[in-house]
Structure formats: structure tokens, C-alpha cells
Amino acid sequence: MSAAALETVRSGHVSGLHAVTSALAEMRGSMLRAGGDDTRGMRLSVLTLVVACADRASAEKAGEVVERMASRHPTRAIVLVGDPDGPARIEADLSLSCSATGGQQVCMELVRLEVGGESARHLRSVVGPLLLPDVPAHLWVVGAAPLTQALSPDALELCERIIVDSDAYPDPAATLAAVALVTAAVGPLPAIGDLAWRRIRGWRELAGRVFDTPELRGFVQGIEDVEVRFAGTRPSAQALLFGGWLRSRLDRPGFRLPSITPIPDGGEDEGGELLGVVLNASHRDRRARIEISGDATRRTTAVSVEGAMRTTSATWTVGVERPGIVALVGAELEEQGPDPMYAAALVAAVGEAR
Amino acid sequence: MELGTRAPAQAQANPLREGLRLERTPAPCALVIFGASGDLTRRKLVPALYALSVQGLLPAGFTVVGAARSEGTDEGFRASLRQAVERHGRLPVTDLQWASFAEGVRYARVDLDDPEGLAPLRTVLEEVDLERGTAGNRVYYLSIPPSGIANVARRLGEAGMTTPPAQSGFVRLIVEKPFGRDLTTSRALDEDLHRHFDESQIYRIDHYLGKETVQNLHGFRFANGIFEPVWSRQYIDHVQITVAESIGVEGRGGYYEESGALRDIVQNHIMQLVALVGMEAPADFSPETVRDEKVKLLRAIRPIHPDDALDTTVRGQYGAGWIDGEQVPGYREEPGVSDASLRETFVALKLDIDNWRWAGTPFYLRTGKRLPRRATEVAIQFRRVPHSPFGGQLASPAGAPVAGAIDPNLLVVRIQPDEGITLRFNAKVPGQAMRIRTVNMDFLYGSSFLTESPEAYERLLLDCMLGDATLFAREDEVEEAWRLCTAVLDGWRAHPPSVDELPDYEAGTWGPKAAHDLLARDGRSWRRP
Ligand SMILES: NC(=O)c1ccc[n+]([C@@H]2O[C@H](COP(=O)([O-])OP(=O)(O)OC[C@H]3O[C@@H](n4cnc5c(N)ncnc54)[C@H](OP(=O)(O)O)[C@@H]3O)[C@@H](O)[C@H]2O)c1
Numbered sequence: 551m552s553a554a555a556l557e558t559v560r561s562g563h564v565s566g567l568h569a570v571t572s573a574l575a576e577m578r579g580s581m582l583r584a585g586g587d588d589t590r591g592m593r594l595s596v597l598t599l600v601v602a603c604a605d606r607a608s609a610e611k612a613g614e615v616v617e618r619m620a621s622r623h624p625t626r627a628i629v630l631v632g633d634p635d636g637p638a639r640i641e642a643d644l645s646l647s648c649s650a651t652g653g654q655q656v657c658m659e660l661v662r663l664e665v666g667g668e669s670a671r672h673l674r675s676v677v678g679p680l681l682l683p684d685v686p687a688h689l690w691v692v693g694a695a696p697l698t699q700a701l702s703p704d705a706l707e708l709c710e711r712i713i714v715d716s717d718a719y720p721d722p723a724a725t726l727a728a729v730a731l732v733t734a735a736v737g738p739l740p741a742i743g744d745l746a747w748r749r750i751r752g753w754r755e756l757a758g759r760v761f762d763t764p765e766l767r768g769f770v771q772g773i774e775d776v777e778v779r780f781a782g783t784r785p786s787a788q789a790l791l792f793g794g795w796l797r798s799r800l801d802r803p804g805f806r807l808p809s810i811t812p813i814p815d816g817g818e819d820e821g822g823e824l825l826g827v828v829l830n831a832s833h834r835d836r837r838a839r840i841e842i843s844g845d846a847t848r849r850t851t852a853v854s855v856e857g858a859m860r861t862t863s864a865t866w867t868v869g870v871e872r873p874g875i876v877a878l879v880g881a882e883l884e885e886q887g888p889d890p891m892y893a894a895a896l897v898a899a900v901g902e903a904r
Numbered sequence: 395m396e397l398g399t400r401a402p403a404q405a406q407a408n409p410l411r412e413g414l415r416l417e418r419t420p421a422p423c424a425l426v427i428f429g430a431s432g433d434l435t436r437r438k439l440v441p442a443l444y445a446l447s448v449q450g451l452l453p454a455g456f457t458v459v460g461a462a463r464s465e466g467t468d469e470g471f472r473a474s475l476r477q478a479v480e481r482h483g484r485l486p487v488t489d490l491q492w493a494s495f496a497e498g499v500r501y502a503r504v505d506l507d508d509p510e511g512l513a514p515l516r517t518v519l520e521e522v523d524l525e526r527g528t529a530g531n532r533v534y535y536l537s538i539p540p541s542g543i544a545n546v547a548r549r550l551g552e553a554g555m556t557t558p559p560a561q562s563g564f565v566r567l568i569v570e571k572p573f574g575r576d577l578t579t580s581r582a583l584d585e586d587l588h589r590h591f592d593e594s595q596i597y598r599i600d601h602y603l604g605k606e607t608v609q610n611l612h613g614f615r616f617a618n619g620i621f622e623p624v625w626s627r628q629y630i631d632h633v634q635i636t637v638a639e640s641i642g643v644e645g646r647g648g649y650y651e652e653s654g655a656l657r658d659i660v661q662n663h664i665m666q667l668v669a670l671v672g673m674e675a676p677a678d679f680s681p682e683t684v685r686d687e688k689v690k691l692l693r694a695i696r697p698i699h700p701d702d703a704l705d706t707t708v709r710g711q712y713g714a715g716w717i718d719g720e721q722v723p724g725y726r727e728e729p730g731v732s733d734a735s736l737r738e739t740f741v742a743l744k745l746d747i748d749n750w751r752w753a754g755t756p757f758y759l760r761t762g763k764r765l766p767r768r769a770t771e772v773a774i775q776f777r778r779v780p781h782s783p784f785g786g787q788l789a790s791p792a793g794a795p796v797a798g799a800i801d802p803n804l805l806v807v808r809i810q811p812d813e814g815i816t817l818r819f820n821a822k823v824p825g826q827a828m829r830i831r832t833v834n835m836d837f838l839y840g841s842s843f844l845t846e847s848p849e850a851y852e853r854l855l856l857d858c859m860l861g862d863a864t865l866f867a868r869e870d871e872v873e874e875a876w877r878l879c880t881a882v883l884d885g886w887r888a889h890p891p892s893v894d895e896l897p898d899y900e901a902g903t904w905g906p907k908a909a910h911d912l913l914a915r916d917g918r919s920w921r922r923p
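Chain order of the listed sequences is S and L. So for the first sequence, my numbering puts the first residue at 551; every next one is plus one. So for the second sequence, my numbering puts the first residue at 395; every next one is plus one.
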């Protein structure tokens, strides 16, 4: 992603919600007036991103992430820290940054909002008036904010998409179960996006690609057992979702339902990242072992097929870039509507974990 | 070119004014404000007059006469007006400019209970005619409660103060909203006024029409060739008009108990917006042509029979809740409001327009107090693409928002607070796959190019002095709007809600569930303004 130089057009601090709304209106005015002759008088926006943070430190970091997404996602971002037990206050730092490339101007409005006191228990009334009309609102729940809050009725009513990271919680299995419950209850909207699910996308792609080759296609129906290695000590959401995904995809007539074993590497790394996947499969009288392993920069797929007559093996390696938080959240912002693959994987993962 | 303004040049065209900002300035005149001590005078009228004066738009000799029922002096009146302008005006007050404005400010005590009670006012006006050359030209502004209007008109008539001085002179009457409470009372008021004033002298003000952005609706529709061809049932699925207020009744509970959202907003402002959005292109922008077209549209609205009122309308009342991070009381807890009040603070309704342009394309209207944000907007929702080559569902059977559906195009004309025009369209997400994303394109439009646009009252006061009634409601417009609203009121009266059905929406939400259902039944949903 080429990040065009971002230029801060305006910034300032205001207190109280009315001041925030009028500052936003002024920013809109200056956004429309900024830019060259060909970009003046118009602005684009694709969504409002509400970023719910547990504290100021995580808000700081989230704000940086948001700023780095600016050129690709012309949004209004509201980075929110609520402190219901603190003193009553609404404080906001606002900034408008624009980047102009090739006659096109893309702007991002960033509101860092701190809400203290009773108002913080009624965030819908604070955030609602700040949402851009007619485009979706996405809520990104940063870190392990309590799910009851992240998926509260207010949030569900206000937002079209709620982005969580089920691996950020101490008990990923319970977290997935809670997410599954909400997903089942709310219907298609709002959609839930899960960063843990997005992190295993590369692994899903590699696993899927193996069976694209005609010689191996037959084995996909005969996957018998699967080992999923992951960083950490208890099954991570990524590991559970990967297993759930396989089960949900293979749960169809004529297919075997594999047994799935998550294998912790025992390391201190609590990120829950996948480290490797081994699939054992049979097809007619042949057996195949498929192992995908990797680190932060490359992944290797090794396939060996054992038949009555001969054994063949092949290995291929691809360079990967483990997606950073900017890419992960950015990809979520481009989604519209729920991902049925995720919903199915979630249900299967939760069933499995029980 | 100025749209929606001047009638084709009349009588005495002045060749030296051609090409200047205004093609005419008003003839010198006196503006008499009845209700000079009132809230509207202080907050809107006098600040508007001062701004006109500073901009050099008022004629030389222009004079404001405050007519009120209590004793007062010119000096005292001037001082109170200066305070009002300093507090509510959009332009700073300088001593020099104030002095020139204040020269033309007078005060007259009137006794409206006495047939001779206008004598002091007449004396002041005669002095003004002599001293300032206003030549008997008058605008009477009735900024008084509706109950007093007929009486003042009568007193003016009895005192012989309603006849224009000479061929070219004028006497005009500006009447504020609400214009009656229903069809019967508004007709009665018309009759009362017509006893002393000709319809051409009467200017019924609806300050929405003075807003730059509302006039932009004309400009947008009739100065651009590309929108008009799609401005019809063929391409438009439906129209939504929202007038949302986040405030409550602001201490005017007593007044609101008598009126309610339908009378306060729908009968005047919203019906005007409906007319502007739906009307045919007028042949020219003269007052009668424009208003003829508006009335034609209003007449094409399918009448709502009182028995059907509950099917096509929704009334609601707010309870306590949270707005802008603050706790607010429910309507029944407001001062001056009965604790068993059935008064509506929210209305939603569906209109069908039975003409070739709009048949089958409904207009959904809603207004309410204590909604999450303040916004007045007209949204034109176009039809969905007939087929999506990109997969994904197109329509929702139950009216619920559909995940992954391609959103139809939407054109939003935002009237306040952030005026402008937004077009929502769909674009491809950059990348390998063909994925579609909704993008809002937000335009500055019309007045937003100016640094500061004039207040509605500035425009309207000036138009009235110029004799341009285009932006004022004519008798038949008001009557048509009342015809519709009165039927709804009759239907509501026949089927009152029970005391414990209300309140039915929490302050800070978008109204009662029934409003959602009204659109869901048609497979549609309200947008979030
Ligand atoms: N305020 C607003 O924002 C607003 C908005 C839209 C429309 N309006 C309409 O504008 C008009 C004036 O509004 P407002 O808020 O200024 O009203 P207001 O403050 O209640 O009254 C205005 C003045 O009218 C005079 N008055 C009262 N009763 C009268 C009577 N029976 N006969 C003659 N004069 C009488 C009083 O002045 P004196 O005692 O000095 O004579 C009073 O100060 C009303 O028709 C209202 O519906 C107001």
C-alpha cells in the first residue's frame, strides 16, 4: 500500500459534545475548501470507524494505526476511551489530515474522544451524533474490552460491523462461544469481524491451494486427522478457528470428518499465531501427509504421497508477510456484510471446544 | 443569474442598477413590528434587519417601528434592540453602523382593545413619512401569538391603514406560523385577513423557504439537466424527508401541548419541502408561476382518510433518555406539560402522490423532538440495480437491512445544519477481487461557497419589501397542507392512544418502533441522517 504523504490540515482541542459537532462541521467545511482546484468542493467518505479502547495508552496506539490507514480509507475515526467511574467530562482532540495524489484528495477526520462519568454509560448518545450519515459505521474493539460492552445492544444497534480480536482475550474458547452466541442472536447485521480469523487467512489459502492440484484433489475428501500447532499454552482462537474452518468445510456428504488436535508449542508467546499444520489424508490406496510450516517471513508446504508402488514428495516455499494490525483492520474496513465462512467456522470451533 | 428571486422587471426599471447585486432596492418604507417585545423580534427579526442595513440592502429612509402594548420610548427601544443584535446577530455591531440603523428606529404604544388604539402608531408613521420619506409604504409584521392576529388586522383596517398610498406604493402584512390550527381555523383566519387586506398584500412566512439550501433545491433541480430526467417514479424508489431536532420543548411546553409535531413542523416546513421536491418545473420564477406549480403538487397528494390515518401515519412521544451524553427528561416531565399528555412529539407519515411523475413512489416524512441529532434532510433513494453481476442479494423481503447487498444510489440534500449535497454510489475496492464498496461523495453546493450565507429572515424581509412573494406561502398552499394534516388530526382524535401507550420512544433514539414498521412493511428502512 503506497501511503501518500498525509498533511494535517487542521487540529485542535475542544470540550463538550456540542463543541465536537461544531468542530466537525467546520472541519468538513475546510475539507471541502482544501485541495487544488480540481479536488476542491468535494470529499469522499466510506465509513465511520469507532475505535473503542480500554485506556489512554491503547487509544494512543490505536490512533496511530488509524492514521496509517488514512490514504486508503477516507473515514471519520472516533477513538474513544470511556471512564464511567471518572469525573464527568467530554474532551476531544480533533484533527483533519489529507493526502493528495494524482488530483485526488483523500481526507481523514480523527477524533480522540475521552468520556468520563455517567455519559460513559450512555455512549450511544455520545457517538450517535458523530457518525457520518448513510455510510456504514464500524466498531473496532481494541484489546480485550469486555465483550458484554463490545457487543452491547447499543453497539449492535449503532454499527454495521463490529471488529473484535478473539485472541486478545485470556480465554479464547469462551470468547468464541460468546461471539457465536451474539452472531446467532442478531442475524446478518451487524456483522462480526474477527482479527484472529483474518490472521489465519494465509494458512487457509495454503491449505486450500494444496488440493488445487489434480493429483491431490481426491485427498480432500479423505482428510483423517489434523494437527494445528500454535504459539502459546492453551488453544488460541486462531487454532480453534482453523480447526473449525476445516470441519465446517468438510462437513458434507461423501467427506470424512477429520479429528483435529491443537498442539501448543508451550512457548511464552501468547499471540496464538499458527506455527504449523499437518494434514493426514487417504485416497483410494494412497496416503498423503501435508505439512505447512512457517515463520514470520516464509511458509513451506511439504507434501508426500505414499502409494503401493512409490512414494513421491514435493516441497514449495512462499514468502509471506505476516499482516500487521494496519493491514488486518484495514481489510476489515473493506468488508460489507457478514462472512458466512467465518460464521460456519465459529460454530464448528465452538462445538469442537466444548 | 439569480434563481428564485426577482419577478420579471416591473414598472420602473432603473438602467443604472442593471448588473448590480440587486436589480431593485425596495422603495423607502416603514416596517412596523407588532410584538416588538417578543422573542422572535429579538432573536431573528431585528438581527436580520441590522444585517441588511450593514450590507447596504435597505432603502434610504427605512424605518422600524416597534408597536407594543406597553409604555416605552424610542431610546429605550433602541437600547433593547442593540442588546438583541449583539447577542443574536451574525455580524458584529459597530457604533457607526449602529447609529445609522438606530436613526430609523421608533417606538409606538398601541392599545389593541380600543378601536382608536392605533392612533399613536399612525402619528409616528406620519412623522416618519415626513422626516424620512417613507411615503406611506408599510410592512406590518405580526410577530404576535396567533390568537391576536385577526384583531390587529381588524384594527389596522378600521383605522384605514391598509390601503396603499398611491399607485406605486404598498402596504403589506407578514403573518407568522402557525397559520391556524386546522383547515377550518386557517380558512377563518384567511377570511378575517381578507376583510382588510387583499391576498396580494399578505405574506405568510415560512422561514424554511428563506434558507439558501432550500432555494438550492430549485437551483439543483431546474438548473441542471442531468437530474431532471431521473427525477421520477421510473428511477426513484422513494423519497425520505427528515426534520430531526435533538432539543425538547425548551420551556415552551404550554405552546407545544396545543400544537404538536404535525402542526408545528409537518403542516408548514415539511409540506413545503414536499412541494419543492415534487413539483414540475415552473415556466419562470415569478411568484404566481412557482406557487401554482407547488399547489398542483400538493393537490396531487392522495388524501388520507381519517379512518386510514393510523395505517399511514405514526405519532410518538418521547420519554426520558440520553442525548449528547446528557440525561434529559421525558415530554410529560417538561414544565407546562400534563403528566398524562397524549401530544405527539414525533410524526412519521407516508404520502402517495397521484400524478404521472410520482405514482408508486412514496414520500416518507418524519419529524420529532429529542432525536439523536439535529438534521433537516431530503433523501432521494434511487431504485436498485435490476441485476447484480457481482453476486450478493439485491433486495430484502422483510425490509430489514440486507448484509452484503448492493446499496442503491442515494442523493441527500442537507438543509441544516451542514448544508450540502451528498451522493452515495458504489465503487470497486482496489484489489484483485471484484468487491463493491459504498462511497459517499459530499459536495459543497450553492450557498456553501460563500463564507457566510444570509439568515433566512434577511432574505424574506427583503423579498417582502420588494414585493416578491415567491418564497411566501399563498392561501391555497396553506389550505392544501391543512387539508391533509386536518384529516390526520381527525383520524388521530377518533383513535387516541391510551395514556400508558406513551411515551413510546426514548429520548436519543430515532422514534417509536411503529415508525420503523411503517417502512418495513414496504420493504424499506429509514436512513440514518
Ligand atoms: N419565537 C420563535 O422562535 C418563533 C418561530 C417561528 C414562529 N414564531 C411565531 O412568531 C410569532 C411571535 O413569536 P414570539 O415567540 O416572539 O411570541 P411571544 O414572545 O410569545 O409574543 C410576542 C409578543 O406579542 C405581543 N402579544 C402577546 N399577546 C398579544 C395579543 N393578544 N395581541 C397582540 N400582541 C400580543 C407581546 O408583545 P407586547 O406585550 O409588547 O405587545 C409579546 O411580547 C408567533 O406567532 C409565533 O408562533 C415564533
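It is worth saying that the hints were derived from the structure and are not from the lab. Careful, some of the hints might be misleading.
[Unchecked claim] If we take Cβ atoms under 10 Å as the criterion, some of the chain L residues that face chain S in the derived model are:
#: 1; residue: W716
#: 2; residue: D801
#: 3; residue: R808
[As the list claims (entries may be wrong)] Once the Cα atoms are required to be at most 25 Å apart in a straight line, the calculated SDA-like pairs of lysine to any residue come out as:
#: 4; chain 1: L; residue 1: K822; chain 2: S; residue 2: G666
#: 5; chain 1: L; residue 1: K822; chain 2: S; residue 2: V868
#: 6; chain 1: L; residue 1: K822; chain 2: S; residue 2: A555
#: 7; chain 1: L; residue 1: K822; chain 2: S; residue 2: S572
#: 8; chain 1: L; residue 1: K822; chain 2: S; residue 2: R622
#: 9; chain 1: L; residue 1: K822; chain 2: S; residue 2: S854
Note that CB positions come from ideal geometry on N, CA and C, so glycine has one too.
Results for each hint:
{"no.": "1", "hint": "W716", "verdict": "holds (4 Å)"}
{"no.": "2", "hint": "D801", "verdict": "holds (9 Å)"}
{"no.": "3", "hint": "R808", "verdict": "holds (8 Å)"}
{"no.": "4", "hint": "L:K822 with S:G666", "verdict": "violated (40 Å)"}
{"no.": "5", "hint": "L:K822 with S:V868", "verdict": "violated (28 Å)"}
{"no.": "6", "hint": "L:K822 with S:A555", "verdict": "holds (23 Å)"}
{"no.": "7", "hint": "L:K822 with S:S572", "verdict": "violated (32 Å)"}
{"no.": "8", "hint": "L:K822 with S:R622", "verdict": "holds (13 Å)"}
{"no.": "9", "hint": "L:K822 with S:S854", "verdict": "violated (41 Å)"}
Of the numbered hints stated above, those contradicted by the structure are hints 4, 5, 7, 9, listed in ascending order.
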